[in-house]
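Trainee: Sequence:
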Amino acid sequence: MRHRVFSLLLFICGLVPFSAALAASDPSDRPGSKDPDIFTRMPGFHISSYQVLDFDRYEFKTGSTKTEKVEGRRTAVSYTAKEGLSHPSGLQVIRNYVNAAKAVGGGQVYEFEDGGTQYSTIRILKEGVEIWVEVSGANNGMHNVQLVSKQLMKQDVLANAAALSSGIRETGRVAVYGIYFDTGKADLKPASDPAVAEIVKMLKADTNLKIYVVGHTDNAGQFANNVKLSQDRAASVVNALVSKHAIAATRLTPFGAGPTSRPASNKTEEGKAKNRRVELVGQ
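Position 132 of the sequence shown, counted from 1, bears residue number 147 in my numbering, the numbering being contiguous throughout.
To be clear, the hints were calculated from the coordinates, so they are not data collected in a lab.
Note that the structure is predicted; figures quoted are calculated from it, not measured.
Be careful, since some hints might not be right.
[Claimed, not checked] Okay, derived cross-link-like pairs now, DSSO-like style, lysine-lysine, Cα gap no bigger than 27 Å in a straight line: (1) 76 / 117; (2) 97 / 84; (3) 49 / 97; (4) 204 / 219; (5) 216 / 141; (6) 282 / 81; (7) 243 / 225; (8) 84 / 287; (9) 282 / 243; (10) 259 / 282; (11) 49 / 81; (12) 141 / 289; (13) 165 / 200; (14) 76 / 225; (15) 141 / 84; (16) 216 / 289; (17) 204 / 141; (18) 200 / 259; (19) 259 / 219; (20) 84 / 49; (21) 49 / 117; (22) 200 / 289; (23) 81 / 97; (24) 117 / 84; (25) 84 / 282; (26) 200 / 76; (27) 76 / 216; (28) 141 / 259; (29) 219 / 81; (30) 117 / 141; (31) 97 / 141; (32) 204 / 117; (33) 243 / 204; (34) 282 / 200; (35) 165 / 204; (36) 282 / 216.
Given only the sequences and the hints, what does the whole structure look like? Please build it.
Mentor: Have a look at this one:
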């Protein structure tokens with residue numbers, strides 16, 4: 016019981032700023048590894064396997080026949096008990112994580128057992144970021160943590176100026192992915208610069224081209240708010256083209272379509288991501 020309580024206290028500490036002593040890695044940890052940012056570890060364990068992927072998908076079990084596919088930054092950590100340590104049960108391990116998550120407003124989504132291994136799916140909302148965790152542990156001194164911080168993939172590959180121009184000539188419009196805004200805001204993020212640069216190249220290559228810059232949203236929130244947000248975002252793109260790249264304002268007309276013209280369903284996160292976009296439409 017004493018060991019169990021001590022473990023829980025350590026995990027609760029891990030969800031708030033903690034001391035360097037608690038955060039320090041163990042000499043026997045896998046080189047380059049560390050505990051996930053929101054958890055410390057069970058006492059007496061070291062990291063035996065570690066992987067971080069900037070963008071990946073993991074399927075979390077949320078019911079006996081239900082799963083949730085979550086995309087974002089994925090961290091996978093495996094822990095192994097040090098020699099001589101009395102092994103905690105798999106149930107004790109997952110309950111420690113669940114209790115720690117509850118301490119900061121998170122909670123368990125689903126718990127199950129499969130082949131002698133205990134599993135728990137946990138969801139935490141921390142500083143506006145949705146974090147999904149799967150903890151699995153058996154009675155053999157080993158347990159695993161899969162953690163995904165939900166986020167959209169950064170679009171690294173962009174349509175170049177020639178492709179944008181071709182799209183407008185052939186279909187009258189082209190979607191520009193790679194233009195980023197914070198949720199509910201209209202300020203262009205710096206990560207949008209490469210996509211904006213390709214629009215500039217297209218406009219400078221064809222000085223007679225005039226376009227509508229059309230903002231689109233998904234269906235989250237109120238309709239009127241989405242229409243205004245899409246208009247403001249389109250205006251931000253136009254402002255960047257005019258003020259930073261000397262494109263004549265007479266060639267650009269911003270328009271907000273809100274959620275009214277979508278290429279995909281809003282029932283999935285993937286669909287919503289496609290629907291949140293900026294399009295260039297030839298005048």
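Trainee: Next step is simple, just say for each hint if it's right about the structure.
Mentor: Consistency of the hints with the structure:
Distance restraint check for residue 76 and residue 117: the Cα-Cα separation of roughly 19 Å lies within the 27 Å cut-off, and the hinted pair is therefore satisfied. The suggested pairing of residue 97 with residue 84 is violated, with an alpha-carbon distance near 34 Å, which exceeds 27 Å. Our distance criterion of 27 Å between C-alpha atoms is met by residue 49 and residue 97, whose separation comes to about 17 Å. For the hint pairing residue 204 with residue 219, the CA-to-CA distance comes to about 23 Å; that is within 27 Å, so the pair holds.
For the hint linking residue 216 to residue 141, the alpha-carbon distance of about 40 Å lies beyond 27 Å, and the restraint is violated. This hinted pair checks out: residue 282 and residue 81 have alpha carbons roughly 16 Å apart, not beyond 27 Å. Distance hint between residue 243 and residue 225 is fulfilled; the C-alpha atoms sit about 23 Å from each other, no more than 27 Å. The hinted pair formed by residue 84 and residue 287 meets the criterion: a straight-line CA distance of about 14 Å does not exceed 27 Å.
Taking the CA atoms of residue 282 and residue 243, the gap is about 22 Å. The hint holds against a cut of 27 Å. Restraint check: the Cα-Cα separation between residue 259 and residue 282 comes to about 37 Å, which exceeds 27 Å; the hinted pair is violated. Between residue 49 and residue 81 the CA atoms are separated by roughly 31 Å; this puts the pair beyond 27 Å, and the hint is violated. A distance of roughly 25 Å separates the Cα atoms of residue 141 and residue 289; the hinted pair therefore holds under the 27 Å criterion.
Taking the CA atoms of residue 165 and residue 200, the gap is near 19 Å; set against the 27 Å cutoff, the hint holds. For the given pair, residue 76 sits about 50 Å from residue 225 by alpha-carbon distance, which is inconsistent with the 27 Å threshold. Taking the CA atoms of residue 141 and residue 84, the gap is about 19 Å. The hint holds against a cut of 27 Å. Taking the CA atoms of residue 216 and residue 289, the gap is near 24 Å; set against the 27 Å cutoff, the hint holds.
Between residue 204 and residue 141, the direct Cα distance comes to roughly 22 Å. Compliance with the 27 Å bound is thereby established for this hinted pair. Distance check on the hinted pair: residue 200 and residue 259 sit about 20 Å apart at the alpha-carbon level, within 27 Å; holds. Straight-line distance between C-alpha atoms of residue 259 and residue 219 comes to about 14 Å, which keeps the hinted pair within the 27 Å bound. For the suggested pair residue 84 and residue 49, the alpha carbons sit about 25 Å apart, so the restraint of at most 27 Å is met.
Taken as a hint, the residue 49 and residue 117 pair is honoured in the structure, with Cα atoms around 23 Å apart against an allowance of 27 Å. Simply put, residue 200 and residue 289 have alpha-carbon atoms about 18 Å apart, close enough for the 27 Å limit, and the pair holds. Between residue 81 and residue 97 the CA atoms are separated by roughly 36 Å; this puts the pair beyond 27 Å, and the hint is violated. Between the alpha carbons of residue 117 and residue 84 the distance comes to roughly 22 Å, so the proposed pair stays at or under 27 Å and holds.
Between the alpha carbons of residue 84 and residue 282 the distance comes to roughly 13 Å, so the proposed pair stays at or under 27 Å and holds. A threshold of 27 Å between alpha carbons decides the hint, and for residue 200 with residue 76 the separation of about 33 Å lies outside it, so the pair is violated. With a C-alpha separation of about 47 Å, the suggested pair residue 76 and residue 216 falls outside the 27 Å cut-off, and the hint is violated. Restraint check for residue 141 and residue 259: not satisfied, since their Cα atoms lie roughly 35 Å apart, outside the 27 Å limit.
At most 27 Å may separate the alpha-carbon atoms for a hinted pair to count; residue 219 and residue 81 exceed this at roughly 51 Å. The hinted pair formed by residue 117 and residue 141 meets the criterion: a straight-line CA distance of about 12 Å does not exceed 27 Å. The straight-line distance between the Cα atoms of residue 97 and residue 141 is roughly 31 Å, outside the 27 Å bound, and the hint therefore fails. Annotation: proposed proximity of residue 204 to residue 117 is violated, straight-line Cα distance about 33 Å (limit 27 Å).
Taking the CA atoms of residue 243 and residue 204, the gap is about 19 Å. The hint holds against a cut of 27 Å. Proximity of residue 282 to residue 200 is assessed by CA-CA distance (about 22 Å); at most 27 Å being required, the pair is judged to hold. Restraint check for residue 165 and residue 204: satisfied, since their Cα atoms lie roughly 19 Å apart, inside the 27 Å limit. Our distance criterion of 27 Å between C-alpha atoms is broken by residue 282 and residue 216, whose separation comes to about 36 Å.
Checked against the numbered hints given earlier, the structure breaks hints 2, 5, 10, 11, 14, 23, 26, 27, 28, 29, 31, 32, 36 and satisfies all the rest.
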